[in-house]
Amino acid sequence: MLQLLWIIPALPAAGFVVLALLNRHLGRRAAAVIGAGSVGLSAVVALLVAVSFIASPPPGDVYRQVLWTWFDTGGLAPQIAFYLDAMSVIFVVVITFVGFLIHLYSTEFMERDEGYTRFFMYMNLFVASMLVLVLADNLLLLYLGWEGVGLCSYLLISFWQRDLQNVYAGRKAFIVTRIGDTALIIGLFLLFTQLHTLAIQPLMAGAAKEWPVGSGFAVAAAALLLGGAVGKSAQLPLQTWLPDAMAGPTPVSALIHAATMVTAGVYLIARTNVLFTLAPDVRLAVAIVGTVTLLYACFCALAQHDIKRVLAYSTMSQIGYMFLALGVAGWSAAIFHFMTHAFFKALLFLAAGAVIESLGGEHDIFKMGGLRRKLPTAFWAFIVGAASLAAMPLVTSGFYSKDLIIETSLGSVDGNAWLWLGALVGSLLTSIYAFRLVFVVFFGDQQTPVTRRPRWRMLLPLWVLSALSLIGGFVWLPEWMGSFHPLENFLGEALPPLKTVASSFAYTGVSALLTSLVAVVGVALATVWLVESRAALGDFAARPTPHALQEFWLNGWGFDWLYEHVFVIPVKWFARVARNDLVEPAFSGLAWLNVQAWRALSASQNGVLRVYIAVAGVGLVVILAFVVLR
Amino acid sequence: MAAVSLDHGLILAAILFVIGFVGLLTRRNLIVVLACIEIMLNAAGLAFVVAGARWGRADGQVMFLFVLAMAAAEVAVGLALAIRFRQSLGRLDVDDADEMKG
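From first to last, the protein sequence lines stand for chains R and H. Note that my numbering has the first sequence beginning at 674, numbered continuously upward. Note that my numbering has the second sequence beginning at 2, numbered continuously upward.
Source of the hints: derived by calculation from the structure; they are not laboratory data. Beta carbons are placed, not taken as given, at the ideal position from N, Cα and C, and that holds for glycine. Accuracy of the hints is not assured; some may be wrong.
Residues from chain R shown here face chain H by an in silico Cβ test under 8 Å; the list is partial [as the list claims (entries may be wrong)]: (1) 1148; (2) 1280; (3) 1282.
Here are a few chain R residues that sit away from chain H, every Cβ distance over 12 Å (derived from the structure) [unchecked claim]: (4) 696; (5) 852; (6) 877; (7) 950; (8) 1153; (9) 1275; (10) 1281.
Working from the sequences, and respecting the hints, build out all of it.
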């Protein structure tokens, strides 16, 4: 059964090829069947492979499938090979399964848009690239997938390309993530020159053998990989592209900018955990980046009034939690949170998409309101998603994964109280903004009429993801609830175990109690948006101090302004100045010379037959004279 | 019968060729242009005949027959062109046919 592994990425890739070749010749129905069907089949195969992997584990709990050698030059011979271990099983199943649900949702969501086939073409290419990324056996193949998903992200953010703003947003996402990608590729060069291979397992073994803990190479390599991860996962300081990426269609935001692509950085760090173990300083940096980002994004989310931007900042914040877990060596905890986050954040985005579509494209939450009776499924889905995001105790999946990260941030030998406190405060803020969203959108007075209701292809994914958001956390219960943690055992085959401080305060259940408490307190605080009338809120917002603060948070703490002035404007200025340098005339002179030659030759072609004859005659005389008088 | 020397024959051929060529350059009527080409062809034919007589061989006269056949074909095509020319442009001025200028 494991031999079917290559089919998982091949199916969406084939879907992409078919859609690309038959682009204009396909009807909407055919495009939807090919686009969603290829990912659906891929999900079925992924489930088969996962079941067979769990039921009869391959030797060493690793299955490697070599397809062919990509190229062989200068000692570098990367293979097109897939590497399946416990971690990639989780990623592959989540990507294909959530991906299929989102494709199914898109078949209805996009049905009135032009470029229907093009949309599924890009989406299939994305799923294929993402699967290559998580299955890659060597870092070069991983990088291929990494760039593939970046390309698809760019294409899909700018999907509605008739609006120039969307195109700018896509360009921004591409360029900002490109900064991280450059760091990543330099990291790959460094690893290859030092360890002479890019295959991940030999590379990790070589690094562990040759580099002592804290050695310069290990720190440099880990820092460069972290740069790549920070760009892709929208962490500080390369986070500015993610809120603007919401310009794309909502299913794209759900699939790429919430569930899968943005977690590629988490995957990369977990996959190369040996390097990060060798570089404790960089790991501390990972934890700090994660904590700062999660707090930063929480404050930003509090001030947004575009429903999708709230969710974008919450994604940034939840990935911050994953980075925090990675930073304190809680590798498995990060993967656990990736899984539950994929469920509840995809759910939130899809529910938000249903709301936006029903209101005829309205994004502003203060123009929504009172939708809980009109759109009951979206309402309940949103409640489940928000509860899971806010880590409502016991019943939601988000609680188990987030609580595990909060406990780990204190209980790990690398953890400390500051990280723990940051995570806890972040949890409180998350709860506030999540339920602010719920209360403003679904309660109060109705502001905009509902013009369209979602049908089954949009509702089914909401139900399925709601169910997963509720039960998805029961695969890893905390210590104080009993010892039931199959996911930990499963991931333990692929990732090193967490070293904990013996008898830490974190594992007594008090920390979990606090996590639960802040979640409930957050909802209680958020009720201010429920009871206060809209007018009172307006008055509050009109006062100068909160207003200025809100502006500051709304604009993401001015990072866009800062980057505009520090990087964009100087570069533009330099480009303008450098336009008239010395190199320019050399090239424009060449062009001018060509134009003049063209003019001269063109003038000789005057169409008068007698001139041609005269020229031919003169030529003949010259040749004759030359031959005779020589 | 006094034999015509080779030099005289070739000079006559050259004069005929130049007359035809100058006519080609200066006249604009298509019929006259065709006539000038005929003159130039005959100049070439005369050169062949004179040269054949000089060496006492038949090759020159054989070549002249070829030239005659070619001249007939050329006139047939040329006159057909002249008719089409007249039909499409209304006149027979070769300078009118300058639509191919670059």
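Against the structure, the hints:
1. 1148: The hint is violated - residue 1148 of chain R has no Cβ within 8 Å of chain H, the shortest such distance being about 78 Å.
2. 1280: 3 Å, holds
3. 1282: 5 Å, holds
4. 696: Holds, since 40 Å exceeds 12 Å.
5. 852: Consistent with the label, residue 852 of chain R stays out of reach of chain H, its closest Cβ about 51 Å off (over 12 Å).
6. 877: Non-interface label on residue 877 of chain R holds, nearest chain H Cβ at 68 Å vs cutoff 12 Å.
7. 950: Holds, because the least Cβ-Cβ distance between residue 950 of chain R and chain H comes to about 73 Å, which exceeds 12 Å.
8. 1153: Label holds. Min Cβ-Cβ 90 Å, cutoff 12 Å.
9. 1275: Since the minimum Cβ distance to chain H is about 4 Å, residue 1275 of chain R lies within 12 Å and the statement is violated.
10. 1281: Not fine: 5 Å to the nearest Cβ puts residue 1281 of chain R too close to chain H.
Consistency with the previously given hints fails for numbers 1, 9 and 10, ordered from lowest to highest.
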